[in-house]
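Student: Residue numbers (the working numbering), protein chains in the order written: chain A, 1 to 245; chain B, 1 to 520.
If you're looking for bench data, these hints aren't it; they were derived computationally from the structure. No residue lacks a Cβ here, since even glycine has one placed at the ideal position from N, Cα and C. Mixed in with the good hints there might be a few duds.
[What the hints assert, rightly or not] If the Cβ cut is set under 8 Å, some of the chain A residues that face chain B in the computed set are: (1) P41; (2) M156; (3) K157; (4) T162; (5) K206.
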Amino acid sequence: MLTGLYAILFYVATAVLVGGLAYRIRLYWNTPAPLKIPTTPAPTTEAGVALRLAREVVLFESLFKSNKWIWLFGWIFHAALLLVVLRHVRYFINPVPDIIVFVQEFGIYAGFAMIAGLAGLWARRFLVPRVRYISAPSDHLMLALLMAIGLSGLTMKFVAHTDIVAVKAFFIGLMTFSWQPLPADPVLLVHLTLVALLMIIFPFSKLLHGVGLFFSPTRNQADNPREKRHLAPWAAKLEAGEGPK
Amino acid sequence: MADMSDYIMDESEIPDPLERPEIMPGSMEGLKPFIAKPDHQSALGFPGELVDNWQEKAIGKMGELLGKYRSLQVYLDSCVKCGACTDKCHYFLGTGDPKNMPVARQDLLRSVYRRYFTFSGKYFPKLVGARDMTKEVLDEWYSYFHQCSQCRRCSVYCPYGIDTAEVSMAAREIMDSVGVGQKYCNEIIGKVYKIGNNLGLPKKAIQSTLEGLEEELEEETGLKIRMPIDEPGCEVLLITPSADLFAEPHIQGLMGYAKVFHEAGISWTLSSYASEAANFGMFIGSYENMREVSLRIRKAAEELGVKRIIFGECGHAWRVAYSFLNTLAGPFDFLDPRYPSPQHICEFTYDLMQEGKLKFDKSKNDQYRLTFHDSCNVARASRMGDKPGGQFELPRAILRATCNHFFDMAEDTIKEATFCCGGGGGLLTDDLMDIRIKGAQPRMRALQQVREEHGVTHMAAICAICKAQFTKVMPHYGFDMDSILSVHQMVANAIVMTGSIQAKELEENANAAAAEGQAA
Numbered sequence: 001m002l003t004g005l006y007a008i009l010f011y012v013a014t015a016v017l018v019g020g021l022a023y024r025i026r027l028y029w030n031t032p033a034p035l036k037i038p039t040t041p042a043p044t045t046e047a048g049v050a051l052r053l054a055r056e057v058v059l060f061e062s063l064f065k066s067n068k069w070i071w072l073f074g075w076i077f078h079a080a081l082l083l084v085v086l087r088h089v090r091y092f093i094n095p096v097p098d099i100i101v102f103v104q105e106f107g108i109y110a111g112f113a114m115i116a117g118l119a120g121l122w123a124r125r126f127l128v129p130r131v132r133y134i135s136a137p138s139d140h141l142m143l144a145l146l147m148a149i150g151l152s153g154l155t156m157k158f159v160a161h162t163d164i165v166a167v168k169a170f171f172i173g174l175m176t177f178s179w180q181p182l183p184a185d186p187v188l189l190v191h192l193t194l195v196a197l198l199m200i201i202f203p204f205s206k207l208l209h210g211v212g213l214f215f216s217p218t219r220n221q222a223d224n225p226r227e228k229r230h231l232a233p234w235a236a237k238l239e240a241g242e243g244p245k
Numbered sequence: 001m002a003d004m005s006d007y008i009m010d011e012s013e014i015p016d017p018l019e020r021p022e023i024m025p026g027s028m029e030g031l032k033p034f035i036a037k038p039d040h041q042s043a044l045g046f047p048g049e050l051v052d053n054w055q056e057k058a059i060g061k062m063g064e065l066l067g068k069y070r071s072l073q074v075y076l077d078s079c080v081k082c083g084a085c086t087d088k089c090h091y092f093l094g095t096g097d098p099k100n101m102p103v104a105r106q107d108l109l110r111s112v113y114r115r116y117f118t119f120s121g122k123y124f125p126k127l128v129g130a131r132d133m134t135k136e137v138l139d140e141w142y143s144y145f146h147q148c149s150q151c152r153r154c155s156v157y158c159p160y161g162i163d164t165a166e167v168s169m170a171a172r173e174i175m176d177s178v179g180v181g182q183k184y185c186n187e188i189i190g191k192v193y194k195i196g197n198n199l200g201l202p203k204k205a206i207q208s209t210l211e212g213l214e215e216e217l218e219e220e221t222g223l224k225i226r227m228p229i230d231e232p233g234c235e236v237l238l239i240t241p242s243a244d245l246f247a248e249p250h251i252q253g254l255m256g257y258a259k260v261f262h263e264a265g266i267s268w269t270l271s272s273y274a275s276e277a278a279n280f281g282m283f284i285g286s287y288e289n290m291r292e293v294s295l296r297i298r299k300a301a302e303e304l305g306v307k308r309i310i311f312g313e314c315g316h317a318w319r320v321a322y323s324f325l326n327t328l329a330g331p332f333d334f335l336d337p338r339y340p341s342p343q344h345i346c347e348f349t350y351d352l353m354q355e356g357k358l359k360f361d362k363s364k365n366d367q368y369r370l371t372f373h374d375s376c377n378v379a380r381a382s383r384m385g386d387k388p389g390g391q392f393e394l395p396r397a398i399l400r401a402t403c404n405h406f407f408d409m410a411e412d413t414i415k416e417a418t419f420c421c422g423g424g425g426g427l428l429t430d431d432l433m434d435i436r437i438k439g440a441q442p443r444m445r446a447l448q449q450v451r452e453e454h455g456v457t458h459m460a461a462i463c464a465i466c467k468a469q470f471t472k473v474m475p476h477y478g479f480d481m482d483s484i485l486s487v488h489q490m491v492a493n494a495i496v497m498t499g500s501i502q503a504k505e506l507e508e509n510a511n512a513a514a515a516e517g518q519a520a
């Protein structure tokens with residue numbers, strides 16, 4: 001019963017996450033950017049653009065320019081999240097690759113760093129009047145959700161161990177469509193429920209920023225408008241006199 | 001021992017240009033520009049007044065724009081409310097009104113987007129801050145989207161590059177489409193269609209101005225420096241803001257261009273049909289209107305048979321020219337392929353300097369201790385020369401070559417971090433004077449700092465709007481209204497033209513100095 005419920009929950013969550021993101025990516029991909037609007041100075045070549053995006057993704061370059069506190073908390077949270085996710089890969093593949101074995105230890109510390117980063121970001125929502133002003137209930141709830149996921153995960157590691165061998169069997173079973181029982185451990189169930197919730201919310205929320213960055217014309221366009229004519233399909237129609245004035 | 005007064009004039013007396021104000025909700029709430037009259041609207045293809053089913057129309061227009069502009073779609077989805085932009089807008093820094101924080105300004109539109117176009121906003125509006133499109137919302141849009149100069153400073157600092165300019169352009173386009181336009185912008189675009197320029201100067205008036213300037217130049221230099229209009233067969237079509245024909249210090253810049261062209265021996269002409277570099281179609285977010293205005297330039301270039309198009313000093317005009325003109329009115333394959341199309345007058349002058357074709361007597365500008373204001377649209381939305389950042393280096397190179405005393409303002413207030421003058425984006429109108437004065441505050445503080453530190457007396461700019469705005473607002477910050485100069489005004493002052501009175505003077509002075517040296 002419990003196993004069936006969570007199996008369905010994760011199938012649904014995965015479908016929503018993948019389907020939702022695919023829909024969003026398709027939408028962004030198919031929506032033209034009719035004008036060249038890179039924030040300059042901008043790279044003049046595609047290779048330069050790739051480097052600019054890489055710096056944004058890895059180093060949060062623009063955020064660093066803006067505000068060192070947000071950068072610090074935000075970067076710590078995201079880097080830690082990456083390590084934590086990598087640490088969790090061991091639940092989904094067999095045998096576990098060396099690199100994933102290697103990150104295990106870092107992943108543990110990253111769990112704490114993730115909580116620290118989230119706490120910093122959340123504190124700003126209360127302490128900085130400007131940020132308090134722009135925070136909607138959903139902004140607080142998103143941080144609460146991530147925090148609860150992190151804390152429940154740490155609880156299983158440091159307070160109340162769960163049967164991770166069984167957890168792994170459950171997820172491998174989900175992926176191979178041969179369901180294995182899920183341990184009825186309350187902390188684990190909370191953790192998994194919240195993760196599934198996060199996956200479902202992802203494509204409908206501001207978590208889309210992860211995808212959005214790659215489609216942001218101010219960051220992903222090369223600065224070459226004089227050299228290369230840029231024309232959106234709808235603008236070409238307008239030019240041909242087919243479009244509405 | 002130093003006098004006590006040495007310590008009293010401490011830099012710290014001038015507040016930091018980036019100082020964050022206390023937030024003061026509602027402090028700029030009432031401010032609204034005049035609404036366009038029905039005939040201003042209809043000339044641009046917009047309804048004359050608020051249409052009956054305006055809510056439906058507005059939401060429909062928003063949907064249309066979401067499908068046409070990836071920027072809008074991505075930016076409305078991606079904001080995480082991190083707060084990085086909250087202290088970056090000059091209008092927020094100058095007013096403390098939280099709705100002038102870029103994210104809050106975007107949210108005025110994002111809240112409506114969420115209500116009508118997203119799952120969460122349709123079913124959980126309170127949770128995600130979604131709002132119905134009401135008359136109050138429309139009024140709020142009209143007020144605060146006309147307190148954005150589309151300067152893109154926020155987009156530099158956003159971790160996703162969200163550009164509030166894109167959102168405010170969309171909002172203005174939606175408002176125009178339901179019949180609520182801004183008088184200043186829309187009336188001006190109408191003048192371009194009817195007469196050819198923003199100021200509504202007819203050809204005859206321009207001609208007589210140019211003739212007067214030619215006389216002035218001849219008197220000054222002893223040379224017949226021509227300033228032609230509608231002259232076919234010239235090498236260069238000069239597209240310059242009409243303010244260059246009319247206002248101070250703009251007109252000094254225009255005389256600078258004329259001198260440079262003359263010295264280079266390159267023929268040029270203005271066009272009465274395209275007697276405007278500015279393109280307010282961008283400010284109102286209207287691709288169609290921006291294109292109409294741009295096509296006039298193409299047509300003028302074709303009819304006059306020029307080989308190059310060069311733009312005069314104007315910030316947003318250079319954005320449209322550099323970034324959009326090829327898209328809107330290209331391809332420019334009928335022009336000389338050896339030069340980029342279009343070119344900026346600073347690129348033209350700089351190239352001549354590199355070739356050693358211009359001679360300057362810097363001492364002619366010794367009465368100025370100068371700094372440079374990077375105009376927002378040039379700094380963050382365009383380029384000069386062939387390297388990123390050339391838009392910062394070329395004007396400075398020109399100023400350093402023409403003036404002995406040049407000092408930059410604080411690094412975090414120039415180049416890509418530059419502040420808008422406070423009058424850009426269609427805000428250069430008397431009905432918005434309050435926000436214009438307050439929005440100039442960060443730039444004025446940075447200027448006050450270099451006045452204290454380096455005794456700076458003047459600031460050069462490269463944009464017609466900046467020049468007009470500073471002329472008006474500088475007196476509010478303790479500067480004379482003529483403390484703002486054109487970049488090519490400095491060129492005009494310092495250039496020593498071949499065979500000119502200045503060249504002869506310089507030679508005589510050199511001879512006299514040599515004779516004195518021998519005598520000693």
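Student: Hey, does the K157 (chain A) contact hint survive, CB to chain B under 8 Å?
Tutor: violated, 28 Å
Student: Checking hints one by one. Is K206 (chain A) an interface residue toward chain B, by the C-beta closer than 8 Å rule?
Tutor: With a closest approach of 5 Å, the K206 (chain A) hint holds.
Student: Tell me if the interface restraint on P41 (chain A) is satisfied: Cβ within less than 8 Å of some Cβ in chain B.
Tutor: This hint holds: P41 (chain A) lies near chain B, its Cβ roughly 4 Å from the closest one there, short of 8 Å.
Student: Holds or violated: T162 (chain A) as interface residue toward chain B, Cβ cutoff 8 Å?
Tutor: T162 (chain A) check fails; min Cβ-Cβ to chain B is 32 Å, beyond 8 Å.
Student: Would the stated hint for M156 (chain A) survive a check requiring a Cβ distance to chain B of less than 8 Å?
Tutor: With a minimum Cβ separation of about 28 Å from chain B (threshold 8 Å), the hint on M156 (chain A) is violated.
The earlier numbered hints that this structure contradicts are 2, 3 and 4.
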